[in-house]
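Engineer: Chain by chain, the residues run as shown.
There are 2 protein chains.
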Amino acid sequence: MANISRRDMLKMSIVGASSLALSSVNANASENEKDIKFDEEWDVVIIGSGFAGLAAGVTAAKRGNKVLVLEKMGRVGGNSVINGGGFAVPNNPLQKKEGVKDSDELFINDCLKAGLNINHLELLQTIAERAKDTFNLTLECGTEYYDKLSHLGGHSVPRTINTKNGSGSGIVHPMVAAFEKIPNTEIRKRTKFDDFILETNKVVGVKVKENYKFDQKLIDDDNENTSGEIKFIKAKKGVILASGGFCNDLFFRQLQDPRLGVNTDTTNHPGATAGGLISALKIGAAPVHLSWIQFGPWACPDEPGFGVGTKFNSGASFRFGISVNPKTGKRYMNELADRKIRSDAMFKVIGDDKNYPINLCDSQVLQHTDPERINKPLKTGILKQFNTLEELAEFYNIPKADFLETVKKYNEFVKNQKDLDFGKPLSLATTKGVNISKPPFYAMRGTPKLHHTMGGVKINTKAQVLDINDNPIPGFYAAGEVTGGTHGASRLGSCAILDCLTFGMIAGENI
Amino acid sequence: MANISRRDMLKMSIVGASSLALSSVNANASENEKDIKFDEEWDVVIIGSGFAGLAAGVTAAKRGNKVLVLEKMGRVGGNSVINGGGFAVPNNPLQKKEGVKDSDELFINDCLKAGLNINHLELLQTIAERAKDTFNLTLECGTEYYDKLSHLGGHSVPRTINTKNGSGSGIVHPMVAAFEKIPNTEIRKRTKFDDFILETNKVVGVKVKENYKFDQKLIDDDNENTSGEIKFIKAKKGVILASGGFCNDLFFRQLQDPRLGVNTDTTNHPGATAGGLISALKIGAAPVHLSWIQFGPWACPDEPGFGVGTKFNSGASFRFGISVNPKTGKRYMNELADRKIRSDAMFKVIGDDKNYPINLCDSQVLQHTDPERINKPLKTGILKQFNTLEELAEFYNIPKADFLETVKKYNEFVKNQKDLDFGKPLSLATTKGVNISKPPFYAMRGTPKLHHTMGGVKINTKAQVLDINDNPIPGFYAAGEVTGGTHGASRLGSCAILDCLTFGMIAGENI
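So the sequence lines, in the order shown, correspond to chains A and B. Oh and the first sequence: position 428 is 428 in UniProt numbering, straight run, nothing missing. Oh and the second sequence: position 331 is 331 in UniProt numbering, straight run, nothing missing.
Quick caveat, the hints were computed from the structure, so don't treat them as lab data. Treat the hints with care, since some could be wrong.
Any copy will do: because identical chains look the same in the list, a pair fits if it lies in one copy or spans two.
List time: in silico DSS-like cross-link candidates among lysine-lysine, alpha-carbon distance up to 30 angstroms [said to hold, decoys possible]:
1. 96 to 202
2. 113 to 330
3. 376 to 148
4. 354 to 231
5. 202 to 37
This one's a predicted model, so the numbers in the text were calculated from it and none came from an experiment.
For reference, chain A alone in the conformation it holds in the complex (with noise of 0.2 angstroms):
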């Protein structure tokens, strides 16, 4: 701010969340540039530290490029670091050591009939064919890999890779790493970026406010928080937007569906909130799909957040043991649906006496996943161990002889391979032929919890943001959860890593 004085500023085009004005313009690009003063300049300018900001900066740098990478935090990976870990990927190593069979074609499908095919395709058909180049990227960047398979919901086979950590940080931390081994990159942590600087319509930088403090209490942290210096840079070859998804953006989410309160809890980190994505609208990104908001099925009530009970559901109780109704015993969803059915069955069981479903699994997981994922919520409380089902049944209220009979009925299933009251899928590379026997048996209360927002800008498959008539917005790229269209109406778990790293990857090939 400093070497810039007030009517430099309101000379140039500056549109960007906090500010409806439309301040200052040129008549041509020369006039333009004599207007702005930037303090710096960079090749590339990232806007986000998460799968798809890094992704795209370690690919930039790699090209020879100078790159900046911001981040608003005080720490970097925004919700990529604290994500489970599980990245999807179809026709993948592990699959063919354990027998699995896969294709293109079957991952499409899946993602098709959970996004209720409103998906953009050709985002879709992307991520399935570079998936192999975005999981060598991780490799390359020294992610460690744990040896056996998750089945995610939704997914009809197993096909999902999961860190070493059990959480995305496996691939954040390598990847910064990375980056920062790079001549000519860095990654400035507190720097928020807040509007967009346009040449006639080509974005050539950014407005950003350095030594920025994230203030968690303020209802809007975008628009009422003034902390930080105000800083001009340039990129010369463009802006990489990979912001993130708005789950933690009370208003932007409540205008999607007045429901989603602050009593609303979520798995995202508090920084999660729709300024980027605005900015990006306001200089004509076409927006798609801003109003399916997706909760995630497999967290627990009794922490706040994202917490750890969604190692043991989405690992460990979905994949091999089941989710009943407390008031019956009884199952009444497929534990292997999409997220929105399951979370729309969950919701339907909790009503509004809060009667949370309980989901279990007994002993014979831990031959066949992460034992983190019982012993880290066994840790905190939250999950539970019992000697034996009616045990269970006691400490839960489950009427215990319809809750028994519900287990019979669900081991005959997984012995038969078929499940006929909900189709969940259980063939041996499910199942692994776990059925529900061997103590301890582990039981944990569930709840759906907002997780991902599948809206925002449109991108081509080159990641370029598209205008409303269907342009390259010169300058302009996107990659992550801010952009919209690849998983429709829902998304499939696992397929976030691949998603944002893909298109990550690909704005910095091509920017």
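Could you slot chain B onto chain A? The hints should help.
Structural biologist: Below, chain B without anything else, positioned relative to chain A:
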């Protein structure tokens, strides 16, 4: 254009559909005023001459304002003038006459159920509370109504009043006449809104093209059509956006649902594009529910567009008869469910082989609904008349025995006032005791067609357009289908007239 140089144009603050370039601005308001040379000056400028625009116009003009209504097409009324003329009015006089008990609460709950509970409740409450005023406005303007109620899908009780001529034109034409009788008013046809003119962040006028020739052959008329002469019009008190929905905007509708390509028929007039909506988003209007696009389940595949089949299905066959799958001879849905439920059910029946459902009723309907609902589609040949049910089954190739059994069962349901198969409301107020027994029988093939876009800009209960910070954009109002939130995920039939007229009226009261 004549008296404004290119240089002047570039200096103005124009943001809109046709220009991503944010051309010029103002260090302060006075400079800005100096830059702009308006060709005309009005108190209020209204974009669109449908229900919302006209109600806004009449109301604003009655308050002494000089009001200009812009209409890009060669005729007034947009979709409103071809609308079916059904007007949901909770607690209306015809309900009293026919002994139907209704309440605001019942109406709101019906709308919330169809809207999947994502409706903006304050807007829904507003149209319920003001319904009587809105109905009276149409009576004052001279609309005549038919003397029997309709019962449309998703409403718990019959509450739909119908214009005497069975069309929205029965409201539009008297309202146009009433508007034009008021001094200092004008409806200017073939005049297309292009861009908003801003003074800092206040809407102070519009850029238009006069003598515009809408070109149905263009993929994207809003952006490709260069016909007409540019003019700048000042709106001293503000602009009311009433530009309608975007069911005929090939690009924008496919952004939200890629399946809605050129082969997807719609009931909408050719000019139903997204240009006005997009211009509003570009000046910071908050977007709501853009991806919810509705099919009307009462159309006919044997005629293009809205046609006259709707008259039969929405007023006769769905209420007094049944819809059967011609392959099975059986019913497959509650014919009075909401539009989304019915459309989804019908698409399943239609499948990939165009197995259109058959909608039918008997001649008793002529005593309980406008006979034109039968006569008009009979004349065009899309409705068929049969002396026996057997003949009907033969004509449509329906398995005879199963079909006769279906009719027999349905007649039992009517007698007992209870649909045991699909839960269709069969109280005497709805059926008037009409079953399917008295020849001649009438039948028509049915299909859903694209009908209404639920999404749009966010308004408050004063019809002010809100920006992304929840603040009204000064000088900017909106009403009707271009707004979002009132109907949530799916609008109930005959609520469009109520919504459009009410918020149009409110905009006219507040501007």
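Engineer: Identify every previously stated hint that the structure contradicts and give their numbers, smallest first.
Structural biologist: 1, 4
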